[in-house]
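Visitor: Chain residues, written in single-letter form:
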Amino acid sequence: MSTTTSETSARAHPPTAGATLPAQIPGNRPTAGLPFTRLVHVELRKMLDTRAGRWLLIAIAVVIAGTLTILFVQDGGEHPFSEYLQATTMPMAILLPVVGILAVTSEWSQRTALVTFTLEARRSRVAWAKVTASLLVGVVAVAFSFALGTAAHAAAIGLRGATGDWELAGTVWLGAAGYVLLGLLNGIAFGMLLRNTPAAIVLYFVLPTAWSALGALWSGAEKAGRWLDMNRTMEPLFTGDLSGEQWAQLGTSVAAWVALPLAVGMWLITRVEVK
Amino acid sequence: MITLDNVTKRYGAFAALDGVSFEARPGRVTGFLGPNGAGKTTAMRVVAGLTPATSGRATVLGRPYATLPNPGRHVGLLLDASAQHAGRTGREVLTLGAILTGVDRRRVDELVDLVGLTEKEANRRVRNYSLGMRQRLGIAHALLADPEVLILDEPANGLDPAGIRWMRDLLKGFAAQGGTVLLSSHLLNEIERVADDIVVIGHGRIVAQGTTDELLMGSGTVVRSSDDAGLGAALVSAGVGVNPIASGGMLVDAAPEVVGRAALQAAVVLLELRTGDQRGLEEMFFDLTSDTAREGVAA
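Note that the protein sequences, when read in sequence, are chains A and B.
For the first sequence, the working numbering assigns the number 626 to the initial residue and increments by one for each residue that follows.
For the second sequence, the working numbering assigns the number 24 to the initial residue and increments by one for each residue that follows.
These aren't lab readings, by the way, just hints derived from the structure by calculation.
Check the hints yourself; a few may be wrong.
To be verified - Derived CB-CB ranges, DEER-like: (1) A/Arg654 / B/Arg129: 13 to 21 Å; (2) B/Ser44 / A/Trp843: 35 to 43 Å; (3) B/Ala36 / A/Ala888: 27 to 35 Å; (4) B/Asp183 / A/Val827: 49 to 57 Å.
What the hints assert, rightly or not - Short, incomplete list of chain A residues facing chain B, as computed with Cβ under 8 Å: (5) Arg736; (6) Val740; (7) Asn821; (8) Thr822.
Beta carbons: idealized from backbone N, C-alpha and C, even for Gly.
Isolated chain A (complex conformation) (with noise of 0.2 Å):
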């Protein structure tokens, strides 16, 4: 660590520095930008790379396992298959949206931003990445979901003699998967569009509760909720089977609640001052 240069001039380049320099790259500078694939793959590494980030994807495979195991104890398990679907689905639904959420506002609260943003200045690249980085997780989240789901059933068919019933349309695991990454979507976009992890989580999960309380309260934000609230918007992908209104009720409420908090996200993370 220290030196051993001696001083003779203090302003002059001594022919051989007193410190070691690294090695020099051989080769041209780059001059083609990063490609995008480069950036998904280190925002799935910074998903990962920290306590933080592989504790909530613990944490949401635990409460999975645990709500598993309450319908493979609970009436002998006897329970249809799309139950068991939707037992590994909610949970996930409700909790991966936070990996979205950090994702982003990380960024912002270990001030990260500053070195991301330096090593890749086009900024809306950097956003795009994290996206599909989320969709990445999320899609992998669900097969994950699924399979648990799947083996669940079979165990308790297996094991505790329940009935097996695997009656599902194919368009019911489109809708599951659906409900999840619309949710992580849903996340990510508040999560841009505050860039604040606290303020983003309580929007997240205060607004579903708002839209019941408003609801309850006053007729005009009850009919609102049929096409905005997304908790009950989406919820009819678990039939797999929506009708040309609820296909619009979804379409609005996502318009409101995904694209337009991204693209508006999406613009003020493209002209912020980086703290």
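Got chain A; can you put chain B on it based on the hints?
Guide: Relative to the frame of chain A, chain B by itself:
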């Protein structure tokens, strides 16, 4: 090469930077000096594209930072050593940088070693780092992708004397290889010892800039002679400013040679002839910023 051209940054009515222009050239260490809140950090952040300038233009290697392809391979930045995720290990911070910039991951080990972090320290989480360790990690991160420009904000903060000396050698070596170094500091002696060029900022304005030698050049010539009055008159008639020194002799606004020739012509015997005392950067710094510094006339 870093160029700021008439950069102004306003927050409402407050001008954090007011028409700032300067250059940091390749092969040289440029010291950026100023009291707290003078605008050093803001200027560096404008260069790195983190703070949008209200007007004016800042470029690195001839282009705006935002248009640099894979900027980490061109510019190494250390703007705030504390701006790292507290929950990541030092090694992980560097690994992320290596993946992103596309450099060989073996450089992570090389840099950990080079900045004097031990294997054990590198595997510790950043929240457990001292400020000095964070600075070392930040310097490793800045050098990771072999940049040709270094921009370091107060890098000597928190380093022990041996560390400060190491950093000085490192920056000089980097510049000697043809790199551009811009470093800010309020440690005047440190800047004086490492910088080839100095830019002094106060209240968002550049108050002085030039080579370190120029800025530190002694102020005129001190002379004592057998006939100060006669020599003084000869010098004044030659159009050179003369100030008597209370303890005897004169301070002349000219090079020693001019004074010597004047003495020869006036047939005055010189008793003492030397360049004026180097005032030192510190004094100049206080002179230049005394009206803008928070402490008023300090020192």
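Visitor: Against each hint, give a clear statement of whether it holds in the structure.
Guide: The hints, checked one at a time:
Between A/Arg654 and B/Arg129, the C-beta spacing of about 19 Å keeps the proposed range 13 to 21 Å intact. Roughly 60 Å separates the CB atoms of B/Ser44 and A/Trp843, a value that falls outside the hinted 35 to 43 Å. The beta-carbon spacing between B/Ala36 and A/Ala888, approximately 32 Å, falls within the hinted interval of 27 to 35 Å. At about 43 Å, the CB distance of B/Asp183 to A/Val827 disagrees with the hint of 49 to 57 Å.
Among the interface hints, the one on A/Arg736 holds; its C-beta lies about 4 Å from the nearest C-beta in chain B, closer than the 8 Å criterion. The beta carbon of A/Val740 is positioned within 8 Å of a beta carbon in chain B (closest approach about 6 Å), and the interface hint is therefore held. Because the closest C-beta pair between A/Asn821 and chain B is about 16 Å apart, greater than 8 Å, the hint is violated. The interface hint given for A/Thr822 is broken, as the beta carbon of that residue sits about 13 Å from the closest beta carbon of chain B, more than 8 Å.
Of the numbered hints stated above, those contradicted by the structure are hints 2, 4, 7 and 8, listed in ascending order.
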